[in-house]
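**Student:** Here is how the chains run, residue by residue.
There are 4 protein chains.
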Amino acid sequence: MKNRYSVILGNLGNTCDRFLSSGYKEVLPKPEMIRKAAAIPGIEGIELVGTWDITESNAREIKADLDAVGLACVSIIPDLFSQKRWGLGSLSAKSADTRRQALEECRTVSRTAMEIGCPLINLWLGQDGYDYPLTADYRSQRGWLTENIATIAAEFPDLRYALEYKPKEPRNFSFQARAADTLLMACETALPNVGVCIDVGHAFMAGENVAESAVLLQHHGEKLFHMHFNDNYRSWDDDMIVGSVHLVEYLELLFWLAETGYSGWYSMDQYPYREDGAAAVCESVALLRSLEELLTPERRGQLRDLIVQGDATRSTRWMRELLFGSRLLPA
Amino acid sequence: MKNRYSVILGNLGNTCDRFLSSGYKEVLPKPEMIRKAAAIPGIEGIELVGTWDITESNAREIKADLDAVGLACVSIIPDLFSQKRWGLGSLSAKSADTRRQALEECRTVSRTAMEIGCPLINLWLGQDGYDYPLTADYRSQRGWLTENIATIAAEFPDLRYALEYKPKEPRNFSFQARAADTLLMACETALPNVGVCIDVGHAFMAGENVAESAVLLQHHGEKLFHMHFNDNYRSWDDDMIVGSVHLVEYLELLFWLAETGYSGWYSMDQYPYREDGAAAVCESVALLRSLEELLTPERRGQLRDLIVQGDATRSTRWMRELLFGSRLLPA
Amino acid sequence: MKNRYSVILGNLGNTCDRFLSSGYKEVLPKPEMIRKAAAIPGIEGIELVGTWDITESNAREIKADLDAVGLACVSIIPDLFSQKRWGLGSLSAKSADTRRQALEECRTVSRTAMEIGCPLINLWLGQDGYDYPLTADYRSQRGWLTENIATIAAEFPDLRYALEYKPKEPRNFSFQARAADTLLMACETALPNVGVCIDVGHAFMAGENVAESAVLLQHHGEKLFHMHFNDNYRSWDDDMIVGSVHLVEYLELLFWLAETGYSGWYSMDQYPYREDGAAAVCESVALLRSLEELLTPERRGQLRDLIVQGDATRSTRWMRELLFGSRLLPA
Amino acid sequence: MKNRYSVILGNLGNTCDRFLSSGYKEVLPKPEMIRKAAAIPGIEGIELVGTWDITESNAREIKADLDAVGLACVSIIPDLFSQKRWGLGSLSAKSADTRRQALEECRTVSRTAMEIGCPLINLWLGQDGYDYPLTADYRSQRGWLTENIATIAAEFPDLRYALEYKPKEPRNFSFQARAADTLLMACETALPNVGVCIDVGHAFMAGENVAESAVLLQHHGEKLFHMHFNDNYRSWDDDMIVGSVHLVEYLELLFWLAETGYSGWYSMDQYPYREDGAAAVCESVALLRSLEELLTPERRGQLRDLIVQGDATRSTRWMRELLFGSRLLPA
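So the protein lines, in turn, are chains A, B, C and D. When the first sequence is numbered by my numbering, its final residue is 359 and no position is left out of the sequence of numbers. When the second sequence is numbered by my numbering, its final residue is 359 and no position is left out of the sequence of numbers. When the third sequence is numbered by my numbering, its final residue is 359 and no position is left out of the sequence of numbers. When the fourth sequence is numbered by my numbering, its final residue is 359 and no position is left out of the sequence of numbers.
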């Protein structure tokens with residue numbers, strides 16, 4: 029049973045920040061981005077952003093493009109974050125009209141997903157939060173958010189809805205900020221098709237140990253629906269190449285994902301601002317596959333033993349010997 | 029309906045850190061500490077630490093000392109953190125024998141609480157966590173922790189158990205790390221007498237907006253059982269005087285505590301390493317009472333309006349005018 | 029001797045982030061932005077960004093617009109951050125050609141400043157840094173950066189050059205990251221017209237106590253040339269309204285700025301993503317003027333005494349009584 | 029030219045924190061700790077803490093113990109942090125008498141170092157800082173600190189004084205907080221025998237890229253005098269086994285230390301709270317030696333090329349292939 033790797037299509041395109049809003053690179057045509065994605069060793073699936081990448085009108089065309097290169101559509105991410113109308117929130121906005129529009133947008137994306145056979149909607153509600161003290165109604169807004177998620181998930185029982193948490197950005201505080209609060213909201217809907225997406229970088233940024241977060245979600249009814257991979261320096265969502273900063277955390281995460289029966293995709297979600305997107309994603313997949321390959325049944329057994337023992341020095345030594353073992357000369 | 033203020037007895041005594049283990053101050057006799065606590069304007073209750081302050085053998089004596097100065101015993105905190113035997117965990121330790129000992133310690137403290145009429149056990153499980161990658165069994169250990177809490181709470185249905193979360197220290201990661209994961213565990217016990225304690229400094233350290241955390245806990249079945257107050261610089265549990273760094277967060281918190289019907293104690297939990305303990309606690313209570321007094325029904329109404337509007341500039345101006353309003357001369 | 033307040037013109041305009049690159053608001057014509065700035069009570073000066081706001085060709089026109097509303101041009105900020113060509117750095121880029129272009133850009137902006145009588149160039153070198161391990165040449169690149177700053181400052185001895193530090197964003201690490209490393213670079217040029225700009229939010233983000241940073245810079249030859257004001261939650265450059273989160277830090281900063289003879293501008297540098305820009309800036313100035321007004325000679329004397337004593341409780345009480353004193357009823 | 033590894037003697041002994049002040053382990057006799065240190069493969073030197081480990085009266089005896097097992101005394105660290113009298117600071121204390129005592133303590137330790145042929149005094153001034161706003165005199169106290177360091181270094185020109193910075197703990201803010209501010213102070217003494225010690229964990233905690241900090245110090249007159257090694261999760265001084273969390277940062281650091289001619293010791297400075305001290309230190313040395321061995325002249329050449337190119341994907345791939353290269357099967 030091998031891991032399945034995918035990538036968010038936009039990773040192959042242009043990337044901007046608040047200082048350089050036109051982006052560090054050139055805008056590429058979608059078909060070229062799809063071809064680039066398909067050429068990355070190991071990539072078998074694509075995530076699309078609603079309106080950016082896929083709409084009701086171009087859905088069949090995009091589906092055909094993906095089919096042509098043998099890529100599955102892994103998820104669609106509704107665009108509830110990159111339009112002025114969501115600036116004060118989408119599904120949790122104080123404006124009832126905005127909430128209604130956001131719900132409608134989710135319906136549209138869900139219909140599109142059904143049409144092309146995409147099984148999962150990834151909800152990253154970046155604008156649903158607040159910026160300043162004394163401005164948010166934590167009670168009502170969280171309530172509306174939960175209700176709206178329940179509404180859409182009940183309407184499309186054949187789709188799965190993954191809630192992707194992030195502590196901040198673009199809002200200073202997000203309503204879906206950490207694994208546990210997002211799980212609580214998923215549980216509150218009482219729907220089997222509502223779960224959580226862990227973005228590894230978001231978890232680092234939240235101060236979480238990401239392997240523990242994965243176990244927590246799986247413990248509460250296998251609520252880990254989806255995984256986004258990238259790396260950062262822990263203080264911010266730097267969206268870097270996987271493994272460029274961290275290593276042992278990814279190994280521990282991959283171990284526990286298998287241990288707890290995670291069967292979803294391993295999807296790359298980076299912002300290669302100044303790098304060639306395809307090369308940066310390729311490198312991330314290569315790191316993850318290296319770790320997957322290392323985690324043989326024998327080594328998994330060793331890890332189980334180490335975890336039972338809980339001896340920090342032994343666990344650290346195991347990892348060092350895995351990486352350097354045969355090369356280290358005697359003292 | 030006025031807020032009730034209390035203090036952890038140890039705040040009045042000596043304080044040490046890992047470099048100066050004998051402490052920055054002199055060790056005081058308990059009766060003197062109790063007298064000092066009672067002399068702080070506004071303080072009506074005391075929290076005691078098991079074994080440090082109260083045991084089965086001295087319980088009646090301590091109770092008499094408190095009665096003599098008119099202080100209630102607000103909570104007892106079992107000592108599951110300051111003994112070598114808990115170094116690798118207490119209620120979640122991998123050693124079944126250690127877990128049994130920890131459970132027994134909770135029983136002892138619970139009996140003592142019943143005996144002296146103390147209504148709440150505050151469980152701060154500082155040693156229950158882990159330090160290194162590949163050493164903790166997130167699944168089993170979290171399971172044991174939940175079971176043990178359920179066991180003790182079921183045995184003493186007339187006591188309330190408040191779980192006090194903290195992201196790290198003394199372990200690099202705590203199992204009860206944030207409001208939402210701790211609430212999840214409380215809910216998993218399915219017992220009405222298990223809830224959560226917010227230590228404001230721990231919430232800051234966890235990157236939480238503490239008012240939002242309080243609302244979250246109250247929303248899920250009024251699970252906010254207890255409150256610890258102190259201040260810090262957000263990156264660590266500095267345990268400083270309330271209001272020495274933050275201000276608007278405390279005002280927003282006090283507003284929402286009332287708004288969501290919190291009826292527990294407002295308890296001071298500081299580490300006045302180099303300060304006179306009584307003076308430092310006195311100052312904290314004074315700040316909280318100033319805020320309480322400011323929050324008149326009229327101003328609460330204004331805050332409700334501001335929160336409905338959600339305009340950052342208006343909310344900030346309201347706070348500024350509250351503090352400086354009448355003094356600012358025209359431009 | 030009163031403080032002089034100014035604002036970066038862009039604060040009055042549109043603001044975008046990496047998710048909503050077209051911005052949360054409408055783009056306003058420059059003349060309207062200038063009128064809005066002039067209407068803010070207390071604002072007497074403007075900072076302009078090169079190419080965005082001012083070029084060699086429109087300099088006289090802009091100067092006339094400012095004169096018409098009685099605003100001084102406080103500084104010009106060369107645009108070394110919002111163009112593709114600076115994506116891998118400007119004055120420290122590995123490409124000699126890019127460094128030459130960046131130097132030329134600084135010359136152009138300096139000539140413009142001379143022409144309109146603007147006394148200060150504020151260098152925020154946001155792209156001069158690096159993102160990943162094993163990619164930056166800390167030695168050569170820091171060397172080029174220092175040389176180039178020395179070159180331009182030597183060519184325009186009648187202008188002052190303020191280096192604005194920031195730990196990260198848009199690069200994951202900046203070469204001018206903190207007060208002390210930036211001061212070291214300023215000192216290395218051995219030029220009297222090279223100094224440092226403190227952006228208060230950048231200092232918070234760097235983990236600095238901003239008042240201490242100001243004293244450090246003033247101690248080493250009065251090297252604090254300029255000040256940018258905004259607020260944040262310490263972990264990121266949220267660019268919020270001054271005083272919306274912090275308070276005592278601003279008071280301490282204003283005290284020490286006067287104490288160490290800072291005579292530059294107090295300039296607002298915010299990103300009011302979703303707020304009315306003029307209102308948000310107005311609120312920031314009002315907070316700072318409230319604090320300025322509070323710092324009477326008598327209170328400055330009290331603060332000097334408190335600092336000599338160094339008693340945390342007394343200092344905290346002084347601040348509390350300043351804010352709430354007359355209102356608190358007896359216990 | 030091989031690296032020389034050493035360890036702080038206390039790493040082999042008992043360790044406490046503020047909750048468990050008696051420590052997690054047993055107190056060992058010094059001679060046993062010395063024997064344990066000597067038995068660690070690769071360890072050739074020891075650092076001693078004044079009063080804890082070495083005094084004027086036991087100096088010869090300790091020296092004989094070290095000689096007997098073939099260990100050099102690499103540095104002595106004056107105890108200016110673990111006694112009540114330093115609670116409000118040592119060399120920067122507001123009390124002139126305390127400052128005088130601290131200076132005297134430095135003299136005593138320096139004489140002892142001269143006597144036993146130890147070439148370096150490592151000054152970690154943990155108590156020299158402040159905790160609260162409006163309590164510290166940043167100007168005078170920093171001045172006293174600089175003067176006192178200059179005084180002692182001028183009196184003992186044959187010793188080298190390394191200033192070890194740390195952003196916080198035990199004080200909320202340290203006067204010697206980061207590489208650059210500490211370098212500034214070293215430079216201000218204008219003495220060739222005053223430099224800086226980088227503790228890798230302190231640098232992580234300060235948000236620094238530690239390799240860049242090393243280059244900065246070496247650039248300014250080879251001011252990197254000493255190195256302490258340990259690991260952490262970036263937010264706090266967890267004092268863990270080297271390489272248990274980070275990896276690429278250590279490799280980059282070792283590369284630049286050689287590149288910039290660092291010739292001092294590589295000293296382990298951990299707090300193995302719950303681990304066997306000798307085993308934990310042994311593991312740290314093994315990791316560093318693995319990296320040292322990997323950094324062959326050929327690979328150093330490759331790294332120089334990568335740094336010239338500055339391509340994040342290539343640098344990341346180089347590191348991945350170094351660790352996993354030969355094992356990864358083709359796609």
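Hints in this document: simulated from the structure, not taken from any laboratory. Incorrect hints may have been included.
Because identical chains share one entry, a pair is satisfied inside a single copy or across any pair of copies.
[What the hints assert, rightly or not] When the alpha-carbon atoms are kept at most 20 angstroms apart in a straight line, the in silico SDA-like pairs for lysine to any residue are as follows: (1) 251 with 352; (2) 58 with 92; (3) 112 with 182; (4) 112 with 286; (5) 251 with 115; (6) 112 with 72; (7) 91 with 201; (8) 53 with 112; (9) 53 with 342; (10) 112 with 47; (11) 53 with 32; (12) 112 with 326; (13) 112 with 32; (14) 53 with 42; (15) 122 with 330; (16) 122 with 336; (17) 58 with 98; (18) 58 with 201; (19) 58 with 320; (20) 112 with 51.
**Student:** Using 20 angstroms as the alpha-carbon threshold, which applies to residue 122 and residue 330: within, between, both, or neither?
**Tutor:** between (52 angstroms within a copy, 18 angstroms between copies)
**Student:** Within a copy, between copies, both or neither: where do residue 58 and residue 320 come within 20 angstroms Cα-Cα?
**Tutor:** neither (30 angstroms within a copy, 46 angstroms between copies)
**Student:** Under a CA distance limit of 20 angstroms, which applies to residue 112 and residue 51: within one copy, between copies, both, or neither?
**Tutor:** For residue 112 and residue 51, the Cα distance is within 20 angstroms both inside one copy (19 angstroms) and across copies (7 angstroms).
**Student:** Which holds for residue 112 with residue 286 at a C-alpha limit of 20 angstroms: within a copy, between copies, both or neither?
**Tutor:** neither (40 angstroms within a copy, 35 angstroms between copies)
**Student:** Is it within, between, both, or neither for residue 58 and residue 92, if the alpha carbons may be no more than 20 angstroms apart?
**Tutor:** within (13 angstroms within a copy, 47 angstroms between copies)
**Student:** When Cα atoms must be at most 20 angstroms apart, do residue 112 and residue 47 count as within-copy, between-copy, both, or neither?
**Tutor:** So residue 112 and residue 47 pass the 20 angstroms test inside a copy (18 angstroms) and across (10 angstroms) alike.
**Student:** State whether the alpha carbon distance between residue 53 and residue 112 is at most 20 angstroms within one copy, between copies, both, or neither.
**Tutor:** Between. Shortest inter-copy distance 7 angstroms satisfies the 20 angstroms Cα cut-off; intra-copy 24 angstroms does not.
**Student:** 20 angstroms Cα cut-off: does residue 53 pair with residue 342 within a copy, between copies, both or neither?
**Tutor:** Close across copies (18 angstroms), not inside one copy (46 angstroms); limit 20 angstroms.
**Student:** Using 20 angstroms as the alpha-carbon threshold, which applies to residue 112 and residue 72: within, between, both, or neither?
**Tutor:** neither (34 angstroms within a copy, 32 angstroms between copies)
**Student:** Up to 20 angstroms between alpha-carbons, please classify residue 53 paired with residue 32: within, between, both or neither.
**Tutor:** neither (29 angstroms within a copy, 41 angstroms between copies)
**Student:** If the cut is 20 angstroms between Cα atoms, do residue 58 and residue 201 qualify within a copy, between copies, both or neither?
**Tutor:** The answer is neither: 33 angstroms in one copy and 32 angstroms across copies each exceed 20 angstroms.
**Student:** At most 20 angstroms between alpha carbons: which applies to residue 53 and residue 42, within, between, both or neither?
**Tutor:** Classified as within; 5 angstroms inside a copy, 23 angstroms across copies.
Comparing the model with each numbered hint stated earlier shows that hints 1, 3, 4, 5, 6, 7, 11, 12, 13, 18 and 19 do not hold.
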